[in-house]
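Peer 1: Sequence:
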Amino acid sequence: MGRALGVECVRGQVSFDDCRECAAQPLHPCPWPSDLVAMMRGEGFNEPDEQTFSPSRILGCSRQRVLMQQHGYYIIMKNQYPMVRGHMFHALMEGAPPVPGWLGAIREVRMSIPIKTRYGTMQFRAKSDCIQVIDTRPGDEVTELDIRVLDYKSTSKIEHSKLKADREHQMQVNMYGLVAAQCIPLYLLADPEDEKLDLVTRRSVKKIHKYLPELVGKSVIVNVVGLEVGYAAMEKARRFVSEGELSDKGKMTKRSRPQEWEDIVLDAITLLPLHTTYSYVQAKIEELIAAEENLPKPFEPDEDDYWRCERCPVYDACHKEG
39 MGRALGVECV RGQVSFDDCR ECAAQPLHPC PWPSDLVAMM RGEGFNEPDE
89 QTFSPSRILG CSRQRVLMQQ HGYYIIMKNQ YPMVRGHMFH ALMEGAPPVP
139 GWLGAIREVR MSIPIKTRYG TMQFRAKSDC IQVIDTRPGD EVTELDIRVL
189 DYKSTSKIEH SKLKADREHQ MQVNMYGLVA AQCIPLYLLA DPEDEKLDLV
239 TRRSVKKIHK YLPELVGKSV IVNVVGLEVG YAAMEKARRF VSEGELSDKG
289 KMTKRSRPQE WEDIVLDAIT LLPLHTTYSY VQAKIEELIA AEENLPKPFE
339 PDEDDYWRCE RCPVYDACHK EG
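Each residue of the sequence shown is one higher than the last, beginning at 39 in the working numbering.
The hints are simulated quantities; they were obtained by calculation from the structure and are not laboratory data. A portion of the hints provided could be inaccurate.
What the hints assert, rightly or not - In silico PhoX-like pairs for lysine-lysine, Cα to Cα no more than 20 angstroms straight-line:
1. Lys165 - Lys287
2. Lys116 - Lys200
3. Lys191 - Lys274
4. Lys116 - Lys202
5. Lys195 - Lys245
6. Lys116 - Lys191
7. Lys274 - Lys200
8. Lys274 - Lys289
9. Lys165 - Lys244
10. Lys274 - Lys292
11. Lys274 - Lys256
12. Lys245 - Lys256
13. Lys202 - Lys274
14. Lys191 - Lys165
15. Lys256 - Lys244
Unchecked claim - Now the in silico label distances, taken between C-beta atoms and shown as ranges:
16. Lys287 - Ser257: 43 to 53 angstroms
17. Arg123 - Glu283: 21 to 31 angstroms
18. Arg241 - Gly110: 48 to 58 angstroms
C-beta atoms are modelled at their ideal positions from N, C-alpha and C, and glycine is treated no differently.
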């Protein structure tokens, strides 16, 4: 994404080659092991190409990507560790065993759908952490498949005051549902050896066939009936679902045994109609494309999205240009 010139670490701004040479030494000054440093540089991750849109891209800052391409940037290493920690958590969940009571689960399958915009048809690609199979209802011609979409978030801390899933995370899991609802029926009918399909799609088709073998070759309608966002910190977890409110422990009110905590209520996630989510994705893609010609203004300190600026590798260039 853009022109990465090197990394910004405890030594300042250094080239990638310098970082690799430094990290190979046992006494390198940064706190992360050498293999984590390589992952933090982005090595080994296959991200969507420049012309593909994804949930993380359309939920991001429309200025950042343009300025990265124009000015180049240094990867801020301290900001990369949470991302790598998240990848490790997702890799763990990808190998999770079958869940009692579930009909099945589809894990970490990248899927892509076309989105029609005023700039033409754009590809929107997403990879949900887990799709839970709730129910299948065979019919004479079509089988209905009910699914729940789950997304896991690794975080350093979960505050007592976190009573609802982040707005972005709610939109993200809705987008995963949109893509799954359109792709699963197509992938079940597709031939994984069809060379007309790109390599990523062929791999995804194979995975869907592996996860849903009894539905391969059948006409299917997918219904997204539920969403879930789960936050995982080192010693605490909290989840939010679309089916309704949940309860959890808040602040400790009595430390001596028997200990007591306040009761808190966790808001339900909003499960949007698929056409609403599609329109949202469509509008955000158009916004990003328009930004390439006419940059919007940078975020101001009093705006909700200003937190993005605190970790932005092109912050100086962004606010200098205004």
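Peer 1: Indicate, hint by hint, whether the structure satisfies it.
Peer 2: Verification of the hints:
For the hint linking Lys165 to Lys287, the alpha-carbon distance of about 32 angstroms lies beyond 20 angstroms, and the restraint is violated. Only pairs whose Cα atoms come within 20 angstroms are accepted, and Lys116 paired with Lys200 is rejected, the gap being roughly 24 angstroms. Our distance criterion of 20 angstroms between C-alpha atoms is met by Lys191 and Lys274, whose separation comes to about 12 angstroms. Distance restraint check for Lys116 and Lys202: the Cα-Cα separation of roughly 27 angstroms exceeds the 20 angstroms cut-off, and the hinted pair is therefore not satisfied.
A hinted pair counts as satisfied when its Cα atoms are at most 20 angstroms apart, and Lys195 with Lys245 does not qualify at roughly 34 angstroms. Restraint check for Lys116 and Lys191: satisfied, since their Cα atoms lie roughly 18 angstroms apart, inside the 20 angstroms limit. For the proposed pair Lys274 and Lys200, the alpha carbon gap of about 12 angstroms is at most 20 angstroms, so the pair holds. A threshold of 20 angstroms between alpha carbons decides the hint, and for Lys274 with Lys289 the separation of about 13 angstroms falls inside it, so the pair holds.
Distance check on the hinted pair: Lys165 and Lys244 sit about 15 angstroms apart at the alpha-carbon level, within 20 angstroms; holds. This hinted pair checks out: Lys274 and Lys292 have alpha carbons roughly 19 angstroms apart, not beyond 20 angstroms. For the given pair, Lys274 sits about 42 angstroms from Lys256 by alpha-carbon distance, which is inconsistent with the 20 angstroms threshold. For the hint linking Lys245 to Lys256, the alpha-carbon distance of about 16 angstroms falls within 20 angstroms, and the restraint holds.
The suggested pairing of Lys202 with Lys274 holds, with an alpha-carbon distance near 16 angstroms, which does not exceed 20 angstroms. The straight-line distance between the Cα atoms of Lys191 and Lys165 is roughly 14 angstroms, inside the 20 angstroms bound, and the hint therefore holds. Restraint check: the Cα-Cα separation between Lys256 and Lys244 comes to about 15 angstroms, which is no more than 20 angstroms; the hinted pair holds. Between Lys287 and Ser257 the beta carbons are some 46 angstroms apart, a value that agrees with the proposed interval 43 to 53 angstroms.
The given range of 21 to 31 angstroms is respected by Arg123 and Glu283, whose C-beta atoms sit roughly 29 angstroms from each other. Evaluation of the 48 to 58 angstroms hint for Arg241 and Gly110 yields a failure: the beta carbon distance comes to about 32 angstroms.
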